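Peer 1: Mind docking chain B on chain A? Use the hints.
Number of protein chains: 2
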Amino acid sequence: MNSPLRIALAGLGTVGGGVVKLLDENRDLIARRAGRPIEIVAISARDRSRDRGVDLSRFEWVDDTSSLAERDDVDVVVELIGGSDGPAVALVRSAIASGKAVVTANKAMIAHHGLELAGAAERAGTALKYEAAVAGGIPIIKAIREGAAANRIDRVYGILNGTCNYILTEMEENGAAFADVLAEAQRLGYAEADPTFDIDGIDAAHKLAILASLAFGSEIDFASVLTSGIRAVAATDIAHAAELGFRVRLVGLAEVVGDRIHQRVHACLVPLTNPLAKVSGSLNAVVAEGNFVGRLFFEGRGAGEGPTASAVVADLIDIARGEAGPAFSMPSEHLEPIGAGEAGDRRGRYYLRLSVADETGVLAELTATLRDAGVSIDSLIQRGQAESGGVFIAIVSHETSESAVREAIEAMRASGSVLGEPMLMHILDF
Amino acid sequence: MNSPLRIALAGLGTVGGGVVKLLDENRDLIARRAGRPIEIVAISARDRSRDRGVDLSRFEWVDDTSSLAERDDVDVVVELIGGSDGPAVALVRSAIASGKAVVTANKAMIAHHGLELAGAAERAGTALKYEAAVAGGIPIIKAIREGAAANRIDRVYGILNGTCNYILTEMEENGAAFADVLAEAQRLGYAEADPTFDIDGIDAAHKLAILASLAFGSEIDFASVLTSGIRAVAATDIAHAAELGFRVRLVGLAEVVGDRIHQRVHACLVPLTNPLAKVSGSLNAVVAEGNFVGRLFFEGRGAGEGPTASAVVADLIDIARGEAGPAFSMPSEHLEPIGAGEAGDRRGRYYLRLSVADETGVLAELTATLRDAGVSIDSLIQRGQAESGGVFIAIVSHETSESAVREAIEAMRASGSVLGEPMLMHILDF
Numbered sequence: 001m002n003s004p005l006r007i008a009l010a011g012l013g014t015v016g017g018g019v020v021k022l023l024d025e026n027r028d029l030i031a032r033r034a035g036r037p038i039e040i041v042a043i044s045a046r047d048r049s050r051d052r053g054v055d056l057s058r059f060e061w062v063d064d065t066s067s068l069a070e071r072d073d074v075d076v077v078v079e080l081i082g083g084s085d086g087p088a089v090a091l092v093r094s095a096i097a098s099g100k101a102v103v104t105a106n107k108a109m110i111a112h113h114g115l116e117l118a119g120a121a122e123r124a125g126t127a128l129k130y131e132a133a134v135a136g137g138i139p140i141i142k143a144i145r146e147g148a149a150a151n152r153i154d155r156v157y158g159i160l161n162g163t164c165n166y167i168l169t170e171m172e173e174n175g176a177a178f179a180d181v182l183a184e185a186q187r188l189g190y191a192e193a194d195p196t197f198d199i200d201g202i203d204a205a206h207k208l209a210i211l212a213s214l215a216f217g218s219e220i221d222f223a224s225v226l227t228s229g230i231r232a233v234a235a236t237d238i239a240h241a242a243e244l245g246f247r248v249r250l251v252g253l254a255e256v257v258g259d260r261i262h263q264r265v266h267a268c269l270v271p272l273t274n275p276l277a278k279v280s281g282s283l284n285a286v287v288a289e290g291n292f293v294g295r296l297f298f299e300g301r302g303a304g305e306g307p308t309a310s311a312v313v314a315d316l317i318d319i320a321r322g323e324a325g326p327a328f329s330m331p332s333e334h335l336e337p338i339g340a341g342e343a344g345d346r347r348g349r350y351y352l353r354l355s356v357a358d359e360t361g362v363l364a365e366l367t368a369t370l371r372d373a374g375v376s377i378d379s380l381i382q383r384g385q386a387e388s389g390g391v392f393i394a395i396v397s398h399e400t401s402e403s404a405v406r407e408a409i410e411a412m413r414a415s416g417s418v419l420g421e422p423m424l425m426h427i428l429d430f
Numbered sequence: 001m002n003s004p005l006r007i008a009l010a011g012l013g014t015v016g017g018g019v020v021k022l023l024d025e026n027r028d029l030i031a032r033r034a035g036r037p038i039e040i041v042a043i044s045a046r047d048r049s050r051d052r053g054v055d056l057s058r059f060e061w062v063d064d065t066s067s068l069a070e071r072d073d074v075d076v077v078v079e080l081i082g083g084s085d086g087p088a089v090a091l092v093r094s095a096i097a098s099g100k101a102v103v104t105a106n107k108a109m110i111a112h113h114g115l116e117l118a119g120a121a122e123r124a125g126t127a128l129k130y131e132a133a134v135a136g137g138i139p140i141i142k143a144i145r146e147g148a149a150a151n152r153i154d155r156v157y158g159i160l161n162g163t164c165n166y167i168l169t170e171m172e173e174n175g176a177a178f179a180d181v182l183a184e185a186q187r188l189g190y191a192e193a194d195p196t197f198d199i200d201g202i203d204a205a206h207k208l209a210i211l212a213s214l215a216f217g218s219e220i221d222f223a224s225v226l227t228s229g230i231r232a233v234a235a236t237d238i239a240h241a242a243e244l245g246f247r248v249r250l251v252g253l254a255e256v257v258g259d260r261i262h263q264r265v266h267a268c269l270v271p272l273t274n275p276l277a278k279v280s281g282s283l284n285a286v287v288a289e290g291n292f293v294g295r296l297f298f299e300g301r302g303a304g305e306g307p308t309a310s311a312v313v314a315d316l317i318d319i320a321r322g323e324a325g326p327a328f329s330m331p332s333e334h335l336e337p338i339g340a341g342e343a344g345d346r347r348g349r350y351y352l353r354l355s356v357a358d359e360t361g362v363l364a365e366l367t368a369t370l371r372d373a374g375v376s377i378d379s380l381i382q383r384g385q386a387e388s389g390g391v392f393i394a395i396v397s398h399e400t401s402e403s404a405v406r407e408a409i410e411a412m413r414a415s416g417s418v419l420g421e422p423m424l425m426h427i428l429d430f
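One line per chain: the protein sequences are A and B, in this order.
First residue of the first sequence? That's 1 in full-length UniProt numbering, and the numbers climb one at a time after it.
First residue of the second sequence? That's 1 in full-length UniProt numbering, and the numbers climb one at a time after it.
So here's chain A without its partners, still in its complex pose:
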């Protein structure tokens, strides 16, 4: 057996505790697979006294986390502190500068600083790995970086946030309102006390920006991800979608159109024939479409102690085996800065739900407005009483541009016939 791979763990929250447990429980198996043992040498976290359900007294405790980067007895720094900036990125920068490999689960840091850190790791001749940053236990970084590496990939999309998918599928099954399901999810611990990062789509946007770079060979571009969450999804939208043969999912989607990249995180209507429609509860899933392989679909648990630790340790095993190369799908100097497409240019079908005053002629006015904007109607459902006192109208368009639909919405708003905020969702026709 070869010499052990020596690691330092920075951060001992849910994931850090899971990594310790995994390396304990599967110790012998991992040593056989990696060809050498993986050993924790030092640990560091904010609060030494917290009970993490695992014996940490075996490891050297370090109060100054940043000092982990300097230790001669450490081969890999595992960064599980979190946060896009601050101590996490400082530690990673100095660990790489010291020639140490880095494994991280930090999607925000990679989304913001991935290109810089990948370049630094290449210059230092060391590894930067982040399998746990996207879709938890699903080995999707590896699947795109390596498994689908032979393909031109023009589209990658998925369900990248388990909290949102849990909420949407609960709404679907029980006809419940968003706010009620969110409150229940918070009570059960499935949603954070401050759920903003999840339900407003920011967490999914971090992950999508990483997937897009891997898939397209583009420089990571988090700032261009158009992000909205699921707060505006009403029970009536889900019911209308079901009637039309769709399910509502928060989809992170990146695609190349012409010489531009579109990146969006938003609630969409997904046809039942698409595998994402069948992903329920807190599962994550990713679809990648390659020009030779066709459609690949991956599903698994996207968060939690076990799945995330599984991904962190998979990275460690790659490093122990000597099978780790550039952080992205190619050396960072080959990544191209590809510009972002205009949101309005997106062509496709749309779902538009409006609440309108229950008055004669309103429907005629709406349909005329859509016609004038060049939006042709595929189907229209008018039913039920909206909370605002008006009636709900759900419209599915034929293929058109997003700018045409938005133009129609602005015109409706201007005429005063629309009550409250219209809800616009993309329909995925693949």
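Note that these hints are calculated values from the structure, not bench results.
Keep in mind that this is a model prediction, so the values were computed, not measured.
Take the hints with a grain of salt, since some may be wrong.
Unchecked claim - Listed next, with one range per pair, are the computed distances between beta-carbon atoms:
no.: 1; chain 1: A; residue 1: Gly322; chain 2: B; residue 2: Asp72; range: 24 to 32 Å
no.: 2; chain 1: B; residue 1: Glu192; chain 2: A; residue 2: Gly53; range: 49 to 57 Å
no.: 3; chain 1: B; residue 1: Ala343; chain 2: A; residue 2: Gly322; range: 52 to 60 Å
no.: 4; chain 1: B; residue 1: Leu188; chain 2: A; residue 2: Asp154; range: 50 to 58 Å
no.: 5; chain 1: A; residue 1: Gly125; chain 2: B; residue 2: Glu219; range: 30 to 38 Å
no.: 6; chain 1: A; residue 1: Glu184; chain 2: B; residue 2: Arg413; range: 51 to 59 Å
no.: 7; chain 1: A; residue 1: Ala176; chain 2: B; residue 2: Phe430; range: 41 to 49 Å
no.: 8; chain 1: A; residue 1: Asp429; chain 2: B; residue 2: Glu410; range: 48 to 56 Å
no.: 9; chain 1: B; residue 1: Asp85; chain 2: A; residue 2: Asp28; range: 45 to 53 Å
no.: 10; chain 1: A; residue 1: Arg231; chain 2: B; residue 2: Gly258; range: 47 to 55 Å
no.: 11; chain 1: B; residue 1: Asp154; chain 2: A; residue 2: Gly374; range: 51 to 59 Å
Unchecked claim - Quick list of in silico lysine to aspartate or glutamate cross-link-like pairs, DMTMM-like style, CA-CA up to 20 Å:
no.: 12; chain 1: B; residue 1: Lys278; chain 2: B; residue 2: Glu289
no.: 13; chain 1: B; residue 1: Lys21; chain 2: B; residue 2: Asp55
no.: 14; chain 1: B; residue 1: Lys278; chain 2: B; residue 2: Glu173
no.: 15; chain 1: A; residue 1: Lys21; chain 2: B; residue 2: Glu60
no.: 16; chain 1: A; residue 1: Lys21; chain 2: A; residue 2: Glu39
no.: 17; chain 1: A; residue 1: Lys21; chain 2: B; residue 2: Asp55
no.: 18; chain 1: A; residue 1: Lys278; chain 2: A; residue 2: Glu305
no.: 19; chain 1: B; residue 1: Lys21; chain 2: A; residue 2: Glu305
no.: 20; chain 1: A; residue 1: Lys21; chain 2: A; residue 2: Glu305
no.: 21; chain 1: B; residue 1: Lys21; chain 2: A; residue 2: Asp154
no.: 22; chain 1: B; residue 1: Lys21; chain 2: B; residue 2: Glu60
no.: 23; chain 1: A; residue 1: Lys21; chain 2: A; residue 2: Asp72
Unchecked claim - Selected chain B positions facing chain A (in silico; Cβ < 7 Å):
no.: 24; residue: Leu29
no.: 25; residue: Arg36
no.: 26; residue: Pro37
no.: 27; residue: Gly119
no.: 28; residue: Ala120
The beta carbon of each residue, even a glycine, is placed where N, CA and C say it ideally should be.
Peer 2: Showing chain B alone in chain A's frame:
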């Protein structure tokens, strides 16, 4: 840009032609990803004159395939000849002996000789890769060898043969008989003129033996795979299964029970809650269950020119990147010879379909026979006229051992009350 990775292609059938097309079409992208170009240096196949729809005149044609192993201008031999023995394995052995890396799509060869070849490659300090051998374009070898490497995996199973899944889902949708769907599939080119390897489960068994070794760290043991195919599946079985909340799928399943490994390829009843139930047409899919990651599900195209070429070239990119290690999930000296479990020891629920004479007292006799064997009945459907002139009875048991059910079947046969061949299928309760 670094020096090219120089490959020799042995075998120019569907997959070989696909590899040439892929390396042409995605040439620049692959060079960026791999950090160096991948170039075909020499090609060889049985029939030089056949039109393969791609210009081969650019490459040096070699009549003596075995000479590819000796060439100084070749880094990797890509073996796409096929067959478990004969010229394929001879070429691979000599290529490895010459220190060349080998990439192959040959599931039969790996299932029969994988351990020997992996050991030889390790001793020669070179790579042996075979992503295309299992589930075509799905990067399942990589997902288990690397992505799930941190986990103890106790069960891996999947739909490993697209032809069988196509036939079963056609039967499901149209209520058609096996023989009719097979004939139609042959007419359309979805099934071979001699479909034995596919429909009798041998192709899936090769793939399963490879997955089991990767998942369990066991020496590959193709001889112990209990293999039956789908010839005995009747339209009535599929209808009964649907009524009971199941779909019939040809499942390759390997699991560790105690200190034994069970490997089976056979038609099963899959509950609608299991993702395999939703896999339709010629798609392949694999589920791996890890002790930390939980259930991972992968789906994609399992055969054909594009998906298989995608997997072959992914292996080449790994080699070009210098990211290839031992062929299995661990150095071959660490693989353990784990014995095969007794088929009869399998505990679970069973589906049993019988054709019996339409006579008073037969049902009483059957149920008594089952009771005497210790098999308790969960549900029973008696309906319709069997072709044999009797009536069909479909029984679902409570959990019991396979040996108890087989004992009951033998007793029924002995009593002469059963007409024709009873159909026994495992029910997957996960």
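Peer 1: Would you list, in rising numerical order, the hints stated earlier that this structure does not obey?
Peer 2: Per hint list: 3, 4, 7, 9, 15, 17, 18, 19, 23, 25, 26, 27, 28 violated.
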